[in-house]
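In order, the protein sequence lines correspond to chains A and B.
For the first sequence, my numbering begins at 1 and goes up steadily by one.
For the second sequence, my numbering begins at 479 and goes up steadily by one.
Source of the hints: derived by calculation from the structure; they are not laboratory data.
Any given hint could turn out to be false.
[To be verified] Across the chosen pairs, the derived CB separations fall in these ranges:
{"hint": "1", "chain 1": "A", "residue 1": "A216", "chain 2": "B", "residue 2": "P752", "range": "25 to 33 angstroms"}
{"hint": "2", "chain 1": "A", "residue 1": "D193", "chain 2": "B", "residue 2": "P567", "range": "26 to 34 angstroms"}
{"hint": "3", "chain 1": "B", "residue 1": "P567", "chain 2": "A", "residue 2": "R218", "range": "51 to 59 angstroms"}
{"hint": "4", "chain 1": "A", "residue 1": "R153", "chain 2": "B", "residue 2": "R619", "range": "35 to 43 angstroms"}
{"hint": "5", "chain 1": "A", "residue 1": "G52", "chain 2": "B", "residue 2": "R723", "range": "39 to 47 angstroms"}
{"hint": "6", "chain 1": "B", "residue 1": "D682", "chain 2": "A", "residue 2": "V478", "range": "37 to 45 angstroms"}
{"hint": "7", "chain 1": "A", "residue 1": "E51", "chain 2": "B", "residue 2": "A576", "range": "51 to 59 angstroms"}
It should be emphasised that the depicted structure is a prediction, and the values quoted were computed from it without experimental measurement.
Heads up, the beta-carbon is just placed ideally off N, CA and C, and yes, glycines get one too.
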Amino acid sequence: MLAHPERFFEDRFGLTPSAMERLLGSSLAGRVDHADLYLEYRVSEALVLEEGAVKKASRHLSQGAGVRAQSGERTGYAHTDEISLPNLEEAARQARAIAAHARTSAVVSIDRGRQPHDLYSLAEPPLAADLGRKLELLRSVDAAARAWDPRVRQVIASLGSEEVVVLIATPSGLTVGDVRPLTRLNVTVIAEDGGRREIGSHGGGGRVPLDFFLEAERWRRFATEAARQAVLNLAAVDAPAGTLTVVLGPGWPGILLHEAVGHGLEGDFNRKGTSAFSGRLGQKVASELVTVVDDGTLANRRGSLNVDDEGTATGRNVLIENGILRGYLQDLLNARLMGMEPTGNGRRESFAHPPMPRMTNTFMLAGQDDPEEIIRSVPRGLYAVNFGGGQVDITSGKFVFSASEAYLIEDGRVTAPVKGATLIGNGPEALTRISRVGNDLQLDEGVGTCGKDGQSVPVGVGLPTIRIDGMTVGGTQV
Amino acid sequence: MLDLLADLLTRATTKGATAADAFVVEAQAFSALVRLGQVDTVKHAREQRLALRVFVGQSVAAASTSDLSRESVGRLVEDAVSLARITSPDELAGLPDAAELAHPPLPDLDLADPTGHDLSPEEKIDLARRAEQAALDFDPRITNSEGGDFSDHRACYAYATTHGFAGEYRASSFSLSVAPVAASGGEMQRDAWYHVTRKRVALDPPEEIGRKAAERALRRLGGRSVKTAEVPVIFDRETAASLLRHLAGAASGPSLYRGASFLLDRLGQSVAAPSVTIVDDATRPGGLGSRPFDGEGLSVRRTVLVDKGVLASYLLDTYTGRKLGLPSTHHAARDGSGVSVSTTNLYLAAGESSPEALIRSVTQGLYVTELIGFGVNGVTGDYSRGVVGLWIENGELAYPVEEITIAGNLLDMFHAVEGVGNDLVFRDRTASPTLLIGRMVVAGS
Numbered sequence: 001m002l003a004h005p006e007r008f009f010e011d012r013f014g015l016t017p018s019a020m021e022r023l024l025g026s027s028l029a030g031r032v033d034h035a036d037l038y039l040e041y042r043v044s045e046a047l048v049l050e051e052g053a054v055k056k057a058s059r060h061l062s063q064g065a066g067v068r069a070q071s072g073e074r075t076g077y078a079h080t081d082e083i084s085l086p087n088l089e090e091a092a093r094q095a096r097a098i099a100a101h102a103r104t105s106a107v108v109s110i111d112r113g114r115q116p117h118d119l120y121s122l123a124e125p126p127l128a129a130d131l132g133r134k135l136e137l138l139r140s141v142d143a144a145a146r147a148w149d150p151r152v153r154q155v156i157a158s159l160g161s162e163e164v165v166v167l168i169a170t171p172s173g174l175t176v177g178d179v180r181p182l183t184r185l186n187v188t189v190i191a192e193d194g195g196r197r198e199i200g201s202h203g204g205g206g207r208v209p210l211d212f213f214l215e216a217e218r219w220r221r222f223a224t225e226a227a228r229q230a231v232l233n234l235a236a237v238d239a240p241a242g243t244l245t246v247v248l249g250p251g252w253p254g255i256l257l258h259e260a261v262g263h264g265l266e267g268d269f270n271r272k273g274t275s276a277f278s279g280r281l282g283q284k285v286a287s288e289l290v291t292v293v294d295d296g297t298l299a300n301r302r303g304s305l306n307v308d309d310e311g312t313a314t315g316r317n318v319l320i321e322n323g324i325l326r327g328y329l330q331d332l333l334n335a336r337l338m339g340m341e342p343t344g345n346g347r348r349e350s351f352a353h354p355p356m357p358r359m360t361n362t363f364m365l366a367g368q369d370d371p372e373e374i375i376r377s378v379p380r381g382l383y384a385v386n387f388g389g390g391q392v393d394i395t396s397g398k399f400v401f402s403a404s405e406a407y408l409i410e411d412g413r414v415t416a417p418v419k420g421a422t423l424i425g426n427g428p429e430a431l432t433r434i435s436r437v438g439n440d441l442q443l444d445e446g447v448g449t450c451g452k453d454g455q456s457v458p459v460g461v462g463l464p465t466i467r468i469d470g471m472t473v474g475g476t477q478v
Numbered sequence: 479m480l481d482l483l484a485d486l487l488t489r490a491t492t493k494g495a496t497a498a499d500a501f502v503v504e505a506q507a508f509s510a511l512v513r514l515g516q517v518d519t520v521k522h523a524r525e526q527r528l529a530l531r532v533f534v535g536q537s538v539a540a541a542s543t544s545d546l547s548r549e550s551v552g553r554l555v556e557d558a559v560s561l562a563r564i565t566s567p568d569e570l571a572g573l574p575d576a577a578e579l580a581h582p583p584l585p586d587l588d589l590a591d592p593t594g595h596d597l598s599p600e601e602k603i604d605l606a607r608r609a610e611q612a613a614l615d616f617d618p619r620i621t622n623s624e625g626g627d628f629s630d631h632r633a634c635y636a637y638a639t640t641h642g643f644a645g646e647y648r649a650s651s652f653s654l655s656v657a658p659v660a661a662s663g664g665e666m667q668r669d670a671w672y673h674v675t676r677k678r679v680a681l682d683p684p685e686e687i688g689r690k691a692a693e694r695a696l697r698r699l700g701g702r703s704v705k706t707a708e709v710p711v712i713f714d715r716e717t718a719a720s721l722l723r724h725l726a727g728a729a730s731g732p733s734l735y736r737g738a739s740f741l742l743d744r745l746g747q748s749v750a751a752p753s754v755t756i757v758d759d760a761t762r763p764g765g766l767g768s769r770p771f772d773g774e775g776l777s778v779r780r781t782v783l784v785d786k787g788v789l790a791s792y793l794l795d796t797y798t799g800r801k802l803g804l805p806s807t808h809h810a811a812r813d814g815s816g817v818s819v820s821t822t823n824l825y826l827a828a829g830e831s832s833p834e835a836l837i838r839s840v841t842q843g844l845y846v847t848e849l850i851g852f853g854v855n856g857v858t859g860d861y862s863r864g865v866v867g868l869w870i871e872n873g874e875l876a877y878p879v880e881e882i883t884i885a886g887n888l889l890d891m892f893h894a895v896e897g898v899g900n901d902l903v904f905r906d907r908t909a910s911p912t913l914l915i916g917r918m919v920v921a922g923s
């Protein structure tokens with residue numbers, strides 16, 4: 001749809017490369033350590049089906065520019081949603097004001113070393129796909145979920161699609177652009193039986209075309225999974241309370257890694273010394289069975305990017321290798337201040353936010369064990385296969401994530417489904433208790449959104465089946 | 479701004495809309511983060527968004543843009559009308575009856591601070607610096623900090639409909655927060671304190687916010703788990719307010735008509751102990767949640783949600799009201815993304831007991847100061863969250879606890895309220911006094 005981000009912004013807003021150069025040069029260069037201009041144009045669309053009909057449709061356009069100037073540890077950031085040269089000059093003046101008292105230094109020219117990737121060029125981006133086909137998809141989802149079980153009372157299916165065009169320019173003359181498609185199909189089902197109501201949900205997507213949902217009738221699986229979970233939960237018993245052996249299923253339960261270690265390894269917290277992982281590089285923070293990577297280079301994944309929001313090519317970064325802490329997730333500022341390399345993890349929600357270190361797709365590599373044998377190894381425990389959200393206190397290391405589908409394990413067998421319960425642990429310690437790692441690594445279906453400091457970005461997670469010897473389970477059954 | 483909306487609505491009608499409403503916001507924001515005494519990040523922002531909702535017969539669609547150029551506004555109208563042509567008709571869709579619209583003069587709720595924004599960036603940075611410094615100076619164990627943050631925001635909102643409503647208002651907000659880190663023997667704990675107001679002069683002194691933040695971080699040092707048990711649980715004001723938000727979510731129209739609420743079909747029934755009265759008051763002068771009209775142009779009012787334990791009202795806009803066969807309770811909220819239902823100033827009415835007396839009444843129990851995670855199921859009311867707090871022994875706060883959870887069901891929890899504090903303060907859009915809940919399961923070691 002859009003061949004070239006540079007040309008796009010030039011045609012639309014008259015921002016020629018020389019105009020941008022002049023802006024950054026005259027306003028910023030030579031007075032700060034780093035400066036950049038970020039231009040963004042975003043169109044998003046949402047279609048919602050409920051009560052059997054698509055009754056809600058919306059389309060939103062956002063555009064704007066952010067100008068950033070950094071000097072030492074200081075960042076000045078100004079943004080405007082009117083992209084015009086006078087507005088950008090004003091933003092640059094405001095961003096620079098922050099550096100006014102700082103020492104004068106030459107602009108540091110950053111050598112990115114790596115070339116941007118080409119991870120999601122689509123012949124037909126999801127936003128451009130025919131509306132009639134999208135409505136048909138949602139209707140099919142509704143019918144499939146309702147057909148699953150007569151106890152299905154309500155189906156809410158939504159399809160969101162967006163396309164974001166970004167262009168990043170620095171005074172060192174580097175400009176890099178990216179066109180980022182993203183789509184997500186979500187299904188929520190309410191089931192009812194004898195006055196008891198329960199909810200189930202499933203979904204997925206990525207930087208993929210609409211046809212992604214049609215491959216092997218993926219849409220049908222999303223629909224029936226949501227229905228199955230809602231109906232299953234109608235029979236769920238109270239979850240146990242206390243410390244238990246926990247087996248996590250493959251895929252989305254990888255949210256464990258995101259909360260337990262991912263956030264704590266973001267460069268900003270470690271530079272500031274406020275993370276429970278600060279100063280622990282080279283130390284053992286997990287069982288030797290555990291290797292965790294953050295990989296922004298996986299084709300078409302929700303958490304992937306060709307370049308991060310500072311223009312650095314994304315990478316495959318090993319965070320924990322055989323239990324040893326190997327690396328942090330870095331943006332330009334924190335990499336510079338810590339004397340490390342940027343890792344392609346400088347991300348932002350939109351032009352209205354300065355970038356900071358964020359995850360992309362975070363997962364644990366597969367191990368040797370047969371998943372069924374892992375379950376058989378547990379005399380009494382919890383088997384959790386689906387989760388809602390999670391959260392972490394970076395400084396104390398305490399993290400939670402909440403199961404939405406879980407079962408008791410009794411004598412090595414999966415038995416009764418239990419109600420959702422929150423699991424709580426301590427990041428630097430929880431992964432040391434991993435005693436089994438399955439050979440069944442799966443990445444999630446493409447639904448993750450990570451919040452940090454008020455900014456949301458799409459991410460992915462992944463996990464093989466694992467056994468954790470002792471985690472606190474927040475049920476009600478004492 | 480009202481001229482812009484009138485023009486937009488005319489264009490929508492010309493393109494085939496049978497009814498429409500439009501909303502615009504223009505905002506300016508500034509924030510300054512000071513960390514360890516040095517300026518860390520300063521942000522300036524100008525934002526605008528124009529949103530349109532159109533009805534073509536009984537079909538509806540919405541569109542919005544941050545680009546107010548004539549071309550883009552034309553595109554906005556085209557997008558909205560063409561989307562409305564593909565959505566399914568809904569016989570209940572539509573604007574509220576014209577007779578229900580708020581009549582001028584709209585109330586002046588004193589939401590803007592005409593002079594408060596006049597501070598220079600240096601003065602704003604200094605407020606953040608003073609707040610953080612007070613935390614750093616409070617105790618030698620305060621060794622680090624995520625910083626002190628001052629921010630201010632001013633916006634002008636306007637809303638108009640094709641059937642005759644037009645209103646606009648200005649609002650301000652100011653906030654000051656500090657997040658210090660306390661350390662001792664290799665352990666680190668972070669906590670924070672903040673204040674948000676509509677008038678800058680009403681902000682608590684920076685030093686007070688900093689000291690309070692330091693005290694909160696320090697009292698977490700030495701946190702440990704406890705044995706799994708069923709005990710009384712006291713929620714401090716901030717964590718108690720989160721329980722009100724969960725209840726309000728279940729009482730809101732969209733959750734109800736989808737059958738996704740544990741309060742479904744409970745109007746007029748007991749949903750809490752008789753000591754619990756919960757009110758949503760959109761008319762509070764200077765209130766952080768106040769507004770002079772709701773998101774569909776209806777007048778604002780005070781709504782009793784729970785009256786002495788009985789569910790007295792839902793929270794509805796026009797559409798969700800029609801779905802449930804009830805009138806709107808004037809809780810529509812409008813923003814760039816569309817119409818939703820929201821509370822305004824939601825609070826639980828103060829009781830008689832001092833927080834100290836509530837703590838003294840507990841032999842063994844938990845005092846909750848922070849909740850983490852998303853373990854709240856609005857369909858069933860099932861509740862399970864991570865907790866930071868203090869353990870109560872023989873009526874006294876004995877030691878800090880962490881890496882534990884509390885679990886129960888929200889309906890059972892509200893019914894089990896055994897004590898309501900006398901310490902209600904409107905610090906946020908949602909406010910609660912300290913609450914004592916008779917029994918909950920605490921999971922730990």
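Taking the hints in turn, this is what the structure says about them:
The beta-carbon spacing between A216 (chain A) and P752 (chain B), approximately 56 angstroms, falls outside the hinted interval of 25 to 33 angstroms. With their beta carbons about 32 angstroms apart, D193 (chain A) and P567 (chain B) fall inside the hinted range of 26 to 34 angstroms. Range check, P567 (chain B) to R218 (chain A): about 30 angstroms between beta-carbon atoms, so the 51 to 59 angstroms window is missed. For R153 (chain A) and R619 (chain B), the hinted distance range of 35 to 43 angstroms is not satisfied, since their beta carbons lie about 55 angstroms from each other.
Separation of G52 (chain A) from R723 (chain B) is about 31 angstroms and departs from the stated range, judged on CB atoms against 39 to 47 angstroms. About 42 angstroms separates the C-beta atoms of D682 (chain B) and V478 (chain A), a value consistent with the hinted range of 37 to 45 angstroms. The beta-carbon spacing between E51 (chain A) and A576 (chain B), approximately 27 angstroms, falls outside the hinted interval of 51 to 59 angstroms.
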